[in-house]
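**Q** Below are the chains, spelled out letter by letter.
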Amino acid sequence: MKRWIAAICLLAMPAWAQAPKISSFELMKPETQAMQRDDASNPAMLWIAEGRQLWSQKAGASNQSCADCHGDVASLRSVALRFPAFNAAQGNVVTLDQQIQICRTQAQKAEPWALETRPLLALSALIGLQSRGLPLQSVTAAEVATVEQGRALFMERRGQMNLSCAQCHDDHDGKSLGGATIPQGHPTGYPLYRLEWQDLGSVERRLRNCMVGVRSEPYAYGSPEMVALETFLRDRAAGLPLETPAVRP
Amino acid sequence: MASVLINVPKLVRKGETIEIKTLISHPMETGFRSASDGKLIPRDIIHRFVCTFEGTEIFFADLFPAISANPFIAFTMRAERSGTLTFRWLDDKGGAQVETARLDVQ
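These protein sequence lines map, in sequence, to chains F and A. Under the working numbering, read the first sequence as residues 1 to 249, first letter to last. Under the working numbering, read the second sequence as residues 1 to 106, first letter to last.
Read the hints as simulated data drawn from the structure, not as lab findings. Positions of the beta carbon are idealized from the N, C-alpha and C atoms, including for glycine.
Derived list of chain F stretches under chain A, where covered just means 3 residues or more per stretch with a C-beta under 8 angstroms from a C-beta of chain A: (1) 44-51; (2) 195-209.
With a Cα cut of at most 20 angstroms, we get these calculated EDC-like pairs of lysine to aspartate or glutamate: (3) A:Lys21 with F:Asp38; (4) A:Lys14 with A:Glu80; (5) A:Lys14 with A:Glu54; (6) A:Lys21 with F:Glu31.
Throw the hints in and build the complete structure from the sequences for me.
**A** Shown next, in the form of structure tokens:
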């Protein structure tokens, strides 16, 4: 009898309950995992070192550094867990990288770094590092509309291959695509060092890779669609620990 | 300016074998890739890495175009006495990145 009840319970469980959320860290080879765990061998630490220099470097017409407003970068603990976040002054949701651009133009009165450039990624990685190991947070009420927009984009079929993100990352995660295992697609370690890129890159760069992979026109860096997708993915990954700066194959 | 990370163990006993880890930021351009205009991007790699301890060469490595960007080099040495380790990376542009680190043997 007990066995029957257990079997019925299993059948009644929704699909997500059977597959717990896992980071793609778990799918990597032990060598690559070791590279991420050891700060002395993680190449992303080169960007962290650069980020620390930038943090205290004065810039712009106001001649202020990040440290002049924020103090020690450790004070930004847990900040990266809630980005992309709603910015009341802008009236929309912004990514952490965009927030750094806003700080640079409005507080420092300096030229903002373009998205996906080395200094911006370095600072973004440094801020992410302050929250390493802490669980990603769910969205707040102000971000719900953006999450829904992102969810719609995630479910939408696109490109010549006519595939949606969900068809791989929700329906077939854990199975193989060529030689690689399809991950659940949780953005837990960005900006991260990808061995294929031999470079540090943001989640937007990774999303563009996937979009090109299904032969669709990739969204531009910082476009509203990109931000919506990122916000949805952050909410979808809520509870997983942040790994920034991660290493991926 | 390339940025460099060097990791030398802090607590070292005399006679112990220690591992030294180095990481340098470098594009390691192979010379086989072409830019969007079709022209070859000139080769720019670190072709030699040398580590000396108090003036004595203790390790060197020749690097080739197949080595990835941001090369990570780790090697071991037996720590007999305290001193200064000097690390030198030589690249194709004639530049040399020189860094030093202190080794304290107890």
